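Colleague: The chain contents come next:
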Amino acid sequence: MSRVTFENVGKKYGKLWALREFSARFEPGETVSVIGPNGSGKTTMIKCLLGLVRSSTGTITVNGEHVGPDPEYRHHVGHMPQISRFPNELKIGQLIDLMDDIRGSNKGRSEGALVKELGVVDMMDKRLGTLSGGQRQKVSAVHAFRYSPSVLVLDEPTAGLDPLSSQIVLQAVRNIKREGCTVLITSHLMEEVEALADRVAYLQDGTLRFLLPPEDLLAVTGEKRLSKAIPAMLTTKTAAHVESL
Amino acid sequence: MWKVYKYTLIDLARNKFVLGWTLLLLAISLGLFQLEDQPVKAMLSLSQVLLALVPLVASVFTIVYLYDAMEFTELLAVQPLRRSKILGGQMAALGTALVLGALVGTGIPLMLFLPGGASLTLILACVMLTLVFVAIGSLIAIKNREKARGVGLGLVVWFLFVLVYDAVLLWVMFAFSDYPIEPWIVPLAALDPIDLGRIMVLLKVDLAAMMGYSGAVYEKFFGNVRGILVALLALGAWVALPSAFAFRAFRRKDL
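In order, the protein sequences belong to chains A and B. Just so you know, we're using the numbering used here here: the first sequence kicks off at 43 and counts up by one. Just so you know, we're using the numbering used here here: the second sequence kicks off at 3 and counts up by one.
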């Protein structure tokens with residue numbers, strides 16, 4: 043059974059289709075990079091999966107459970123948004139306590155993935171309103187990985203992080219993937235895509251243009267780097283080729 | 003819901019605006035009681051200030067807080083938590099924080115300088131108006147994506163209730179004074195929660211006579227325990243209806 047399935051999922055905002063007839067299956071233990079230009083539907087697709095927006099058409103399942111009003115499937119989902127903002131006056135430790143309460147976790151504050159590695163353990167008494175953007179991203183990463191999700195959704199996970207912390211987060215992605223987690227990452231950094239992705243999903247104008255392993259992309263285009271192969275895929279000739287794949 | 007309530011309340015307890023609001027109420031209340039010779043006069047002046055300020059602050063603060071908490075609300079919404087529990091926790095915490103602010107800021111001075119039924123009624127009116135405008139503010143924040151638009155709409159709603167509706171009602175009563183409109187006045191007054199609060203307070207200090215014809219009508223209807231209960235029920239409906247619409251809108255909202 044696929045871990046995550048999208049069947050003809052579409053989302054309409056007013057008259058605009060932000061996502062249309064999106065169908066894909068994501069397997070356990072694979073990392074999929076979701077890429078595309080601004081406004082291509084990446085965020086909409088992720089928000090549909092997370093239940094933040096309701097799809098206009100189609101169905102989504104996570105571990106066989108339908109994504110709908112019942113929030114139980116989210117026990118298996120971790121999410122790291124691109125921009126994290128928390129209540130200013132809460133302390134980091136209190137936020138972790140709240141999330142543990144919601145998830146029914148008995149972990150201590152200093153336990154769990156990334157708490158020590160990202161230095162969050164030393165900031166437990168810091169007010170969230172005093173954190174820099176990078177520090178907020180670290181807190182967000184801790185929450186995303188903390189409850190051993192079977193589906194992890196990362197939206198530009200290294201944006202705003204220092205190089206060392208970026209490497210720690212990327213290593214954590216590799217580790218959790220080895221444990222069988224399905225990871226969906228949106229990123230504009232091709233190095234990240236090359237380093238992590240088992241498959242690359244390219245969206246444009248709300249439509250999935252291709253969903254292929256990086257090796258296939260390189261083979262089809264004859265390029266050596268993904269940063270060149272992806273634009274090459276979008277030329278008319280190769281696009282026809284891709285659709286036939 | 004109580005998990006979200008607890009941590010939102012912790013956040014609000016340290017919120018500078020809530021603390022400032024409490025201190026401002028305390029300063030106004032103590033100032034008026036110090037300035038006026040008679041506590042009843044001070045209480046009447048205070049009621050005029052509170053009946054205008056409490057709804058304004060409750061609705062605008064709720065709107066601004068919910069907009070500012072939008073990313074956090076999204077974080078909560080991707081947890082295994084029903085949306086009704088998220089909004090319920092946030093609204094309950096906002097209501098609790100602002101009600102506590104009003105109780106400390108005005109309740110303590112009122113009970114110190116003028117203990118009795120009139121002060122209790124004013125406190126009760128403030129509590130109910132806070133809850134009403136937290137509910138209205140929540141509905142506005144959920145239905146409108148833009149913060150500026152939401153705040154603007156909150157101000158318009160407040161202005162309508164605090165001034166415009168009253169003026170229209172007075173004009174209607176004046177224009178149709180030759181007709182038997184008495185049965186309509188009470189239901190029309192119930193359509194404005196601020197009016198309901200004002201009527202409850204004025205009747206408790208025996209000032210209905212100063213309100214002329216409408217005062218006589220209000221005195222007849224609200225001037226007993228049954229009337230006060232009806233007024234409270236009407237205010238309760240003013241909490242329940244916008245809350246119900248807010249929950250419905252939030253369940254369907256694309257975040």
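These are calculated hints, taken from the structure and not from any lab test. Be careful, since some hints might not be right.
Claimed, not checked - Capping the alpha-carbon separation at 25 Å, the derived lysine-lysine pairs in BS3-like fashion look like this:
1) A:149 / B:149
2) B:8 / A:133
3) A:168 / B:18
4) B:43 / B:87
On a predicted model such as this, the values are computed, not experimentally measured, just so you know.
Colleague: For every hint, state whether the structure bears it out.
Modeller: Hint check results:
no., hint, verdict
1, A:149 / B:149, "violated (37 Å)"
2, B:8 / A:133, "holds (13 Å)"
3, A:168 / B:18, "holds (17 Å)"
4, B:43 / B:87, "violated (44 Å)"
Consistency note: the structure conflicts with the earlier hints numbered 1 and 4.
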